[in-house]
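What follows is the residue order along each chain.
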Amino acid sequence: MEYVPDEITLLRFGAVTRNAHRIHYDTAFARSEGLDGPVVMAQLHGCLFHRAAAAYAGETGEVLSVGWQNRAPAYAGDRLVVSGVVESVDEETGHITLALEEHRFPDGEGPGTLCCRGHAVVAVRSSDAQSSK
Amino acid sequence: MTGALLEPAEKRARAEIGRVERRSLGTVSADAAAEFARAAGETSPRLVDPAHPAFTVHPMYLVSLLRGAPGADPEEYRPDGMYRDEVPGTDGLDVRLMAGGQDVRFLGEARPGERIEVRRVLESVERKGKGAGFLLLTVVKTYASERGPLAEVTERFIVR
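Chains as they are written, first to last, in the working numbering: chain A, 17 to 149; chain B, 1088 to 1247.
Mixed in with the good hints there might be a few duds.
Okay, the calculated bits of chain B under chain A, using three or more residues with CB under 8 Å as the criterion [stated by the list, open to error]:
| no. | stretch |
| --- | --- |
| 1 | 1119-1125 |
| 2 | 1186-1196 |
Some but not every residue of chain A turned toward chain B, in silico, with C-beta under 8 Å [as the list claims (entries may be wrong)]:
| no. | residue |
| --- | --- |
| 3 | TYR19 |
| 4 | THR33 |
| 5 | ALA36 |
| 6 | HIS37 |
| 7 | GLU49 |
| 8 | ALA58 |
| 9 | LEU60 |
| 10 | GLY62 |
| 11 | CYS63 |
| 12 | THR76 |
| 13 | VAL79 |
| 14 | LEU80 |
| 15 | SER81 |
| 16 | ARG95 |
| 17 | SER99 |
Here are the computed distance ranges between Cβ atoms for each label pair [unchecked claim]:
| no. | chain 1 | residue 1 | chain 2 | residue 2 | range |
| --- | --- | --- | --- | --- | --- |
| 18 | B | ARG1214 | A | ILE24 | 35 to 45 Å |
| 19 | B | GLU1162 | A | GLU103 | 29 to 39 Å |
| 20 | A | ASP52 | B | PRO1161 | 24 to 34 Å |
| 21 | B | ALA1159 | A | LEU27 | 11 to 21 Å |
| 22 | B | GLU1196 | A | ASP52 | 37 to 47 Å |
| 23 | A | LEU27 | B | PRO1236 | 24 to 34 Å |
| 24 | B | GLU1210 | A | GLU103 | 22 to 32 Å |
| 25 | B | ASP1160 | A | GLU75 | 39 to 49 Å |
| 26 | B | GLY1216 | A | LEU130 | 14 to 24 Å |
| 27 | A | ALA88 | B | PRO1161 | 30 to 40 Å |
| 28 | B | SER1211 | A | ASP123 | 32 to 42 Å |
Keep in mind that the hints were calculated from the coordinates and are not lab data.
Every residue, glycine too, gets a C-beta built ideally from N, C-alpha and C.
Pulled out of the complex, with its shape left as it was, chain B reads as follows (with noise of 0.2 Å):
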């Protein structure tokens, strides 16, 4: 069923290569980044003690984050749970989306308190497979406070 929405899937996403776009993803909270340390299994005070004096915001944390902003209505999230424009293109569209990887390079530490801002630019769409196959598509994001960029991060969406 799912096969021949891939057309209009690819179609939409293929006029969205190259367009840049920005959003806010809020203000980095040490308690909410302590969280996400202890989710991820870590037990360095330095890591998951907000209140430790050498705590830092663990490296993978802005790049984990996704996209659906706090507070956002019901509407903006697609049925499969997915916030609608997190794989460019499939907003409406009855796919199936998963996470094919991500390479990040860090090039600077977040620290609380400060607003992120994530930058976001679609960089290829293939079709690969047999039949109707899938898309792959290539994003390429850098996340930056105001003192500059923190991180580059190339993250590849299969969609069949």
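Pulled out of the complex, with its shape left as it was, chain A reads as follows (with noise of 0.2 Å):
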């Protein structure tokens, strides 16, 4: 799962979740901060591990949970990846935690580096479970 959120993908995702740090728009706070320019919102991030397990559920799958813990910054314009592997399948339930990874890669290419590790739950109820890059 692929996602490249630039500053205007950004002012929409801050205006409508009512999110007005300044880290995110204004490039003079964020360095301020540290930062070498916006950050991509840590509820963003969220987002794509959602989508990246939806995926993996399929359509009449669904998702019980996600979690992430963010590593370190991304920035608008990044190219985002999320990535992720089969953890472990409840016998019981048949529920799959999948283990996620971000990674960002500032010119589109090379090794990249980890933004954020999580992981997420999924029921996957037909052989809807897709292959997850």
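Fit chain to chain and form the complex, with the hints in mind.
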């Protein structure tokens, strides 16, 4: 799952979530806080983890929970890639726990930097489960 | 400069541990939820088109809303743009705030037109790192409509 949130994306996301924190749109302020520029919101990282989990669960599946920890900032214009593996399967419920990571690729390619690490639990109700990049 | 302010922030935050706060987040708007989904990069009509027969509010919408109420006065915001009580104990202090992550458990689906209330409890305050270090605040939130709870969230904030 990939996404490239630019400055416009961040402004739209901030507006609709009532997030006026200047580190997300004010470059000078973000730099005064030791950042390289406007940073991606934690909640947007969470949305990307949710989307990756939902893609794995398929149309008839369901995301039961999602969690993430921020490890390093991601910036407007970064290519963000969420990848994951199946960590465990609950034998009783069949619920699948996914271990997820998000990396940022400032120049689009390269080795990438870990931004977030987390997990999701999904219920897969048919053979919809997709392989996750 | 901000390191010296961690002490009052820690003292204030510790005094708030266990205190239950409730706040209305207002009414769920299908248009706002769809705009949220678009900004999050979604393309499914189920999430971005309120006129779609199977439209649903993006599950991450509610838990992504910050506390600043629509129509809040300018003085209700800190100079860094954060709502004054977004992070417990930091109102009026020149400290740096960062989100640390969330754990979200989905319990139900929010529906357009529903009024939403969030219940928040500061669960713990920890001093981390070397020297002055930083504070790690953990809050637990429950989002609910009249139908019952919709999501439970454990959220972490970093205060430097």
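Right, here's what the structure says about each hint:
Judged by the Cβ-Cβ criterion of 8 Å, the stretch 1119-1125 of chain B is covered by chain A as claimed, because 4 of its residues qualify and three suffice. Coverage of the stretch 1186-1196 of chain B by chain A holds [criterion: at least 3 residues with CB-CB distance below 8 Å; count 8]. For TYR19 of chain A, the shortest C-beta to C-beta distance to chain B is roughly 4 Å, which falls under 8 Å, so the interface hint holds. For THR33 of chain A, the suggested interface contact is upheld, since its CB lies about 5 Å from the closest CB of chain B, less than 8 Å.
The criterion of a C-beta within 8 Å of any C-beta in chain B is met by ALA36 of chain A, whose closest approach is roughly 4 Å, and the hint holds. Because the beta carbon of HIS37 of chain A sits about 5 Å from the nearest beta carbon in chain B, less than 8 Å, this interface hint is met. Because the closest C-beta pair between GLU49 of chain A and chain B is about 6 Å apart, less than 8 Å, the hint holds. Interface hint at ALA58 of chain A: satisfied, since its Cβ lies 3 Å from the closest Cβ of chain B, which is below the 8 Å cut-off.
The criterion of a C-beta within 8 Å of any C-beta in chain B is met by LEU60 of chain A, whose closest approach is roughly 6 Å, and the hint holds. The interface hint given for GLY62 of chain A holds, since its Cβ lies 6 Å from the closest Cβ of chain B, which is under the 8 Å cut-off. Below 8 Å, beta-carbon pairs count as interface contacts, and CYS63 of chain A has one with chain B at about 4 Å; its hint therefore holds. Hint on THR76 of chain A is violated. Least Cβ distance to chain B is approximately 13 Å, over the 8 Å limit.
Checking VAL79 of chain A against chain B by beta carbon gives a least distance of about 7 Å; that is within 8 Å, so the hint holds. Annotation: interface hint on LEU80 of chain A holds; nearest CB of chain B at approximately 6 Å, less than 8 Å. The interface hint given for SER81 of chain A is met, as the beta carbon of that residue sits about 5 Å from the closest beta carbon of chain B, less than 8 Å. Residue-level restraint check for ARG95 of chain A is violated (minimum Cβ-Cβ distance to chain B is 12 Å; threshold 8 Å).
About 16 Å separates the beta-carbon of SER99 of chain A from the nearest beta-carbon of chain B, more than 8 Å, and the hint is not met. For the hinted restraint 35 to 45 Å between ARG1214 of chain B and ILE24 of chain A, the CB-CB distance of approximately 38 Å keeps it satisfied. Taking 29 to 39 Å as the suggested C-beta distance range, the pair GLU1162 of chain B and GLU103 of chain A does not conform, at roughly 47 Å. Checked against the given bound of 24 to 34 Å, the beta carbons of ASP52 of chain A and PRO1161 of chain B, roughly 28 Å apart, stay inside it.
With their beta carbons about 19 Å apart, ALA1159 of chain B and LEU27 of chain A fall inside the hinted range of 11 to 21 Å. A beta carbon spacing of about 38 Å between GLU1196 of chain B and ASP52 of chain A agrees with the range 37 to 47 Å that was offered as a hint. Distance hint check for LEU27 of chain A and PRO1236 of chain B: the Cβ-Cβ separation is about 32 Å, which falls inside the suggested range of 24 to 34 Å. Take GLU1210 of chain B and GLU103 of chain A: their Cβ atoms lie about 25 Å apart, and the range 22 to 32 Å holds.
At roughly 45 Å, the beta carbons of ASP1160 of chain B and GLU75 of chain A sit within the given window of 39 to 49 Å. A hinted range of 14 to 24 Å for the beta carbons of GLY1216 of chain B and LEU130 of chain A is consistent with their spacing of about 19 Å. Checked against the hint of 30 to 40 Å, the C-beta distance between ALA88 of chain A and PRO1161 of chain B comes to roughly 32 Å, which is consistent with it. Under the hint 32 to 42 Å, the C-beta atoms of SER1211 of chain B and ASP123 of chain A, about 39 Å apart, fit the expected range.
Violation of the numbered hints given earlier is confined to hints 12, 16, 17, 19; the remaining hints are satisfied by the structure.
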